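Protein chains in written order, with the working numbering: chain A, 566 to 861; chain B, 566 to 861; chain C, 566 to 861; chain D, 566 to 861.
Simulated from the structure, these hints should not be mistaken for laboratory data. Model, not experiment: these values are computed from the prediction. Glycine included, every Cβ here is placed at the ideal spot set by N, Cα and C. Careful, some of the hints might be misleading.
Stated by the list, open to error - Covered, in the sense of this in silico footprint (three residues per stretch, anywhere, with C-beta under 8 angstroms from a C-beta of chain C), are these stretches of chain B:
(1) 690–696
(2) 753–763
To be verified - Calculated cross-link-like contacts (lysine to aspartate or glutamate; reagent style DMTMM-like; alpha-carbon spacing at most 25 angstroms):
(3) C/K747 to B/E687
(4) D/K606 to C/D777
(5) B/K760 to C/E687
(6) C/K766 to C/D813
(7) D/K747 to A/D682
(8) A/K799 to B/E707
(9) C/K775 to A/E740
Protein chains: 4
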Amino acid sequence: MSEIYIVAGGDMRFPALAEQLSEKYTVYTVGMDKQKISCEKAIFAESLEDIPCPADCLILPLPVSSDGKTLNAPFSEKAVPLSQLADIVKANGKVMGGMITPEVKEIFSVRGIEVTDYFKREELAVSNALATAEGALQIALEEQPTIISGSSILITGMGRISKALIRILSGFGAEITVCARKYSDLAWAQIYGCKTVMLSKLVESDALKKADIIFNTVPHIILTEPVLKECSRKCLIIDLASKPGGLDIQSAVQLGLRTIWALSLPGKCAPVSSGRMIAQAIENILSEQNTHDHSP
Amino acid sequence: MSEIYIVAGGDMRFPALAEQLSEKYTVYTVGMDKQKISCEKAIFAESLEDIPCPADCLILPLPVSSDGKTLNAPFSEKAVPLSQLADIVKANGKVMGGMITPEVKEIFSVRGIEVTDYFKREELAVSNALATAEGALQIALEEQPTIISGSSILITGMGRISKALIRILSGFGAEITVCARKYSDLAWAQIYGCKTVMLSKLVESDALKKADIIFNTVPHIILTEPVLKECSRKCLIIDLASKPGGLDIQSAVQLGLRTIWALSLPGKCAPVSSGRMIAQAIENILSEQNTHDHSP
Amino acid sequence: MSEIYIVAGGDMRFPALAEQLSEKYTVYTVGMDKQKISCEKAIFAESLEDIPCPADCLILPLPVSSDGKTLNAPFSEKAVPLSQLADIVKANGKVMGGMITPEVKEIFSVRGIEVTDYFKREELAVSNALATAEGALQIALEEQPTIISGSSILITGMGRISKALIRILSGFGAEITVCARKYSDLAWAQIYGCKTVMLSKLVESDALKKADIIFNTVPHIILTEPVLKECSRKCLIIDLASKPGGLDIQSAVQLGLRTIWALSLPGKCAPVSSGRMIAQAIENILSEQNTHDHSP
Amino acid sequence: MSEIYIVAGGDMRFPALAEQLSEKYTVYTVGMDKQKISCEKAIFAESLEDIPCPADCLILPLPVSSDGKTLNAPFSEKAVPLSQLADIVKANGKVMGGMITPEVKEIFSVRGIEVTDYFKREELAVSNALATAEGALQIALEEQPTIISGSSILITGMGRISKALIRILSGFGAEITVCARKYSDLAWAQIYGCKTVMLSKLVESDALKKADIIFNTVPHIILTEPVLKECSRKCLIIDLASKPGGLDIQSAVQLGLRTIWALSLPGKCAPVSSGRMIAQAIENILSEQNTHDHSP
Numbered sequence: 566m567s568e569i570y571i572v573a574g575g576d577m578r579f580p581a582l583a584e585q586l587s588e589k590y591t592v593y594t595v596g597m598d599k600q601k602i603s604c605e606k607a608i609f610a611e612s613l614e615d616i617p618c619p620a621d622c623l624i625l626p627l628p629v630s631s632d633g634k635t636l637n638a639p640f641s642e643k644a645v646p647l648s649q650l651a652d653i654v655k656a657n658g659k660v661m662g663g664m665i666t667p668e669v670k671e672i673f674s675v676r677g678i679e680v681t682d683y684f685k686r687e688e689l690a691v692s693n694a695l696a697t698a699e700g701a702l703q704i705a706l707e708e709q710p711t712i713i714s715g716s717s718i719l720i721t722g723m724g725r726i727s728k729a730l731i732r733i734l735s736g737f738g739a740e741i742t743v744c745a746r747k748y749s750d751l752a753w754a755q756i757y758g759c760k761t762v763m764l765s766k767l768v769e770s771d772a773l774k775k776a777d778i779i780f781n782t783v784p785h786i787i788l789t790e791p792v793l794k795e796c797s798r799k800c801l802i803i804d805l806a807s808k809p810g811g812l813d814i815q816s817a818v819q820l821g822l823r824t825i826w827a828l829s830l831p832g833k834c835a836p837v838s839s840g841r842m843i844a845q846a847i848e849n850i851l852s853e854q855n856t857h858d859h860s861p
Numbered sequence: 566m567s568e569i570y571i572v573a574g575g576d577m578r579f580p581a582l583a584e585q586l587s588e589k590y591t592v593y594t595v596g597m598d599k600q601k602i603s604c605e606k607a608i609f610a611e612s613l614e615d616i617p618c619p620a621d622c623l624i625l626p627l628p629v630s631s632d633g634k635t636l637n638a639p640f641s642e643k644a645v646p647l648s649q650l651a652d653i654v655k656a657n658g659k660v661m662g663g664m665i666t667p668e669v670k671e672i673f674s675v676r677g678i679e680v681t682d683y684f685k686r687e688e689l690a691v692s693n694a695l696a697t698a699e700g701a702l703q704i705a706l707e708e709q710p711t712i713i714s715g716s717s718i719l720i721t722g723m724g725r726i727s728k729a730l731i732r733i734l735s736g737f738g739a740e741i742t743v744c745a746r747k748y749s750d751l752a753w754a755q756i757y758g759c760k761t762v763m764l765s766k767l768v769e770s771d772a773l774k775k776a777d778i779i780f781n782t783v784p785h786i787i788l789t790e791p792v793l794k795e796c797s798r799k800c801l802i803i804d805l806a807s808k809p810g811g812l813d814i815q816s817a818v819q820l821g822l823r824t825i826w827a828l829s830l831p832g833k834c835a836p837v838s839s840g841r842m843i844a845q846a847i848e849n850i851l852s853e854q855n856t857h858d859h860s861p
Numbered sequence: 566m567s568e569i570y571i572v573a574g575g576d577m578r579f580p581a582l583a584e585q586l587s588e589k590y591t592v593y594t595v596g597m598d599k600q601k602i603s604c605e606k607a608i609f610a611e612s613l614e615d616i617p618c619p620a621d622c623l624i625l626p627l628p629v630s631s632d633g634k635t636l637n638a639p640f641s642e643k644a645v646p647l648s649q650l651a652d653i654v655k656a657n658g659k660v661m662g663g664m665i666t667p668e669v670k671e672i673f674s675v676r677g678i679e680v681t682d683y684f685k686r687e688e689l690a691v692s693n694a695l696a697t698a699e700g701a702l703q704i705a706l707e708e709q710p711t712i713i714s715g716s717s718i719l720i721t722g723m724g725r726i727s728k729a730l731i732r733i734l735s736g737f738g739a740e741i742t743v744c745a746r747k748y749s750d751l752a753w754a755q756i757y758g759c760k761t762v763m764l765s766k767l768v769e770s771d772a773l774k775k776a777d778i779i780f781n782t783v784p785h786i787i788l789t790e791p792v793l794k795e796c797s798r799k800c801l802i803i804d805l806a807s808k809p810g811g812l813d814i815q816s817a818v819q820l821g822l823r824t825i826w827a828l829s830l831p832g833k834c835a836p837v838s839s840g841r842m843i844a845q846a847i848e849n850i851l852s853e854q855n856t857h858d859h860s861p
Numbered sequence: 566m567s568e569i570y571i572v573a574g575g576d577m578r579f580p581a582l583a584e585q586l587s588e589k590y591t592v593y594t595v596g597m598d599k600q601k602i603s604c605e606k607a608i609f610a611e612s613l614e615d616i617p618c619p620a621d622c623l624i625l626p627l628p629v630s631s632d633g634k635t636l637n638a639p640f641s642e643k644a645v646p647l648s649q650l651a652d653i654v655k656a657n658g659k660v661m662g663g664m665i666t667p668e669v670k671e672i673f674s675v676r677g678i679e680v681t682d683y684f685k686r687e688e689l690a691v692s693n694a695l696a697t698a699e700g701a702l703q704i705a706l707e708e709q710p711t712i713i714s715g716s717s718i719l720i721t722g723m724g725r726i727s728k729a730l731i732r733i734l735s736g737f738g739a740e741i742t743v744c745a746r747k748y749s750d751l752a753w754a755q756i757y758g759c760k761t762v763m764l765s766k767l768v769e770s771d772a773l774k775k776a777d778i779i780f781n782t783v784p785h786i787i788l789t790e791p792v793l794k795e796c797s798r799k800c801l802i803i804d805l806a807s808k809p810g811g812l813d814i815q816s817a818v819q820l821g822l823r824t825i826w827a828l829s830l831p832g833k834c835a836p837v838s839s840g841r842m843i844a845q846a847i848e849n850i851l852s853e854q855n856t857h858d859h860s861p
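Given only the sequences and the hints, what does the whole structure look like? Please build it.
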């Protein structure tokens, strides 16, 4: 008999995650009672009582909880305490979740269960960056009355999201300038066919005046007032950086610039793929744990 | 003194067109009284009386008219007869419009004025194809809960729009299959990194089963019932072909397939760029006419 | 029993062609007695007597003959008259060759046999353009002491070879300018991410001064003295156009410019692929003939 | 008066390096007496006596020396001791070189001069990877009788060279499979449109059988006998990894596989660009040192 997996709570990504894990395991979903997308293979559980226990593996959402005690379950009518979930996992069972806090960790560790954070997986960060980049393009296409082809794009930062963005924007035939702090980042940008400008020289460069769209990926305020003053009035600024973002919003408003702070794009724009990416990270963790278990 | 141009009627593309022509000429817009986008350089005329006449050049919209008599002016409160417009053009003036019918031609020819159809320009067809392809991508990104990267795309036809689509989709990292009727079209598709299938062998190929999205560009029904029956239930069909389209809609509905017939994307998704493209075609026509005028 | 095919003469492309046809037919090669590349499946015939006749199909080389009488067979010690080859084909047999002259046609037509010219196939022209573009890149890589990435490339003409070149050069991250005569060609070049310049404005543009490499594809002298005078002394000119080429060689020599007239690249740089491309064109011809035969 | 720079010894990259530095400084070259490429701006010094001393900055080659004492100067007739070079640098002068050994360091440190290793700069490693990738493509184009377009390429490793290779090969329309050890490397490969295979599963995958060309970038023997046994006899293996390389050469020979160990490609295939890349790294070092000097 195949192992029992529980996928608990989460947003639109988690039904897709449950479906993918159903290829190998018997998967129950719980905390998705309001869910619109029905699963084909995963088994819908109205409540925890409907799940045969103890479960072999519990998959918690991303993030696991907003208060440290209750399951993050926007598609559920009920509040599910994490402690109840912890109780239905077997002694040496596996528990995984995303962005695990010490408070959440504690709930499971007192029961002798270790929780693995799948959100720390580098491969998930990479594939999330791709989903973010596609979502950013969707916003750009929706917002701009002009085509992307031939337009001037400024990308700040040269991390994962920027690299994914560059590849997509190149297909559109955009003229891309990358602004970063490190010489090696600028060297990469050149390899990928971009113009480059050192962050320290951004204000005096012509990259700001020319930019039709700015995508920021740096999570601290680098689009300051002096920078924003150089932008064209028609420029669209899409901030992809997590809190606090990279934009001095007050200055942007005063200058009348169009700005969009686009957070959590993978879950919003491509929930099914994003759910599968998390499922893949979970399978990779399991595969590595098995390899270690088999070591002498 | 610079020449007087009139840009009359039209949708959201025409203010942008007027702006671009304003770089060189004195441009009046008329029949855009409800227009939201204000022009910076072009001069807004409430009615024909506000325009100093006779005008050197009259730019009519795309299409010029829906009834053969009245200006196509969705952003105007008033009905403007084409004959009135014809009366304010000088004797040897230039008149251009898009998709000119014999009826429209007649209105001007009786006054000794020839009308040039800018919509017949190949360079406009090419750049319109690019705007269509970007619009098609926007729809795909909005509709699909999955990322484009790695997804299986089937493109039917290998004309301008298909070539523009392939370039963009390649940047996304999609797996593209092109279905066409001619060996040379399939050879081009291979050069552009696509898999290929002859139209006559489409039904028995696995391209339909695998396709996450189908973009049709062929303007006759090639996505017939036997073809649609092979598609995955999750497939999204985006028909980019002009009337009658390429899709047997009734069969698609019966089979429960998601379909979108996306017409006139350039004007809807990228009106500013599309207006500039028409302006560019007009400038090319004028440039060619001047060259001929100067010939002995 | 499968049909008897004869592949006669030709350069290094023809053993590969024979191999590919051997997947379906019994193939004899003749006129390749000095050939280095041995065939695995095709049967080597020392002379015509070794071939069971009459043959169903005879494949002649590209070009068929240089004197209109004798087989073009650079890898053979012997001279093979075309008439002898014509005699071993059965009455309603098929004969195909490349660049067939009236003289060659005559040799077969007097025997009631029609000769089909595979070199007229558009799909072969397309795939040959790809092989030419790859060969051109090889030359550029060999000749230049600089990397292609970031270098300025000028391409004259916007036909098949140019389109194949653009795709490859884009992967290298080169900055490409296309010079052509037609607005629609320039529109295509823009779609493919290139800068553009009208041929009539080439001399006064900065495209010549900046160019590190010029690839010409236009088969008449467009790189005239006034054009060449604007080129950098370090510029490499690779002429890919068939006779008479596009280069005023005398002026280029006087100006001390490095020039390479690269003809027949597919057969030289990628003989195996090029042979397969011809085989594919032949199979397409056969497939179309069969379809017609079966029509009522 | 501008600062005095000495560029001493080195291969074909160093004249280009000297030229680029001549834009800002007075540059003397020494130890290049057999050099074919003449410099335009840099001043040729027959011997050290011809250089006005003390010099502000001394640029040593890559590597600096093969015996730890004498300048690496393949284009010089004379042996130049490093100690003599050290003597003509001023007290607080700058000395830079590539792959500096403790022995070399000592020669300068006893004179109170610190030597900076430009080869440790990440941006140089990145741009060198690009030059290596272009050189690898040149080899592939020269060696293969087939086109790259549509061919199956296996790349082992997912470091800098692999990323540069993928971008170029994508332009050619090759089908690329990346084999690596880390899930995140495979995720990147997918973003860049490649198929992927875990190194631990390489032998049982079909990637080896299908590969027309294998590019190895991993500097330890991963192409072992069991791996090589699965390769097609027609496969070309290009090893780009530094010593000891990634190939069990003995097994490859026994199996009759074509292999090329391509070392030091940047200096061989693109000496001018590679020289400029080193010059750029040197300018970056100087720029950073100046910034620090100005700090309080």
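- prompt: Going straight from one Cα to the other, do D/K606 and C/D777 come out at no more than 25 angstroms?
  reply: Distance ~20 angstroms between D/K606 and C/D777 Cα, so the pair holds.
message: So if I understand the rule, the pair passes when the alpha-carbon distance is 25 angstroms or less; does B/K760 with C/E687 pass?
response: Satisfied, since the Cα-Cα distance of roughly 19 angstroms is no more than 25 angstroms.
Assertion that chain C covers the region 690–696 of chain B - criterion: three or more residues, beta-carbon distance below 8 angstroms: Check passed, 5 qualifying residues.
message: Check whether the Cα positions of A/K799 and B/E707 lie no farther apart than 25 angstroms.
response: 24 angstroms, holds
25 angstroms limit on alpha-carbon distance, applied to hinted pair C/K766 and C/D813: 18 angstroms, holds
message: Checking one constraint from the list: CA of D/K747 to CA of A/D682, max 25 angstroms. Satisfied?
response: 18 angstroms, holds
- prompt: Is C/K747 within 25 angstroms of B/E687, Cα to Cα?
  reply: 9 angstroms, holds
field: Within 8 angstroms of chain C's CB atoms, at least three CB atoms from the region 753–763 of chain B: coverage verdict
entry: holds (count 4)
- prompt: Does A/E740 lie within 25 angstroms of C/K775 when you go C-alpha to C-alpha?
  reply: Satisfied, since the Cα-Cα distance of roughly 19 angstroms is no more than 25 angstroms.
Of the numbered hints listed earlier, not one is contradicted by the structure.
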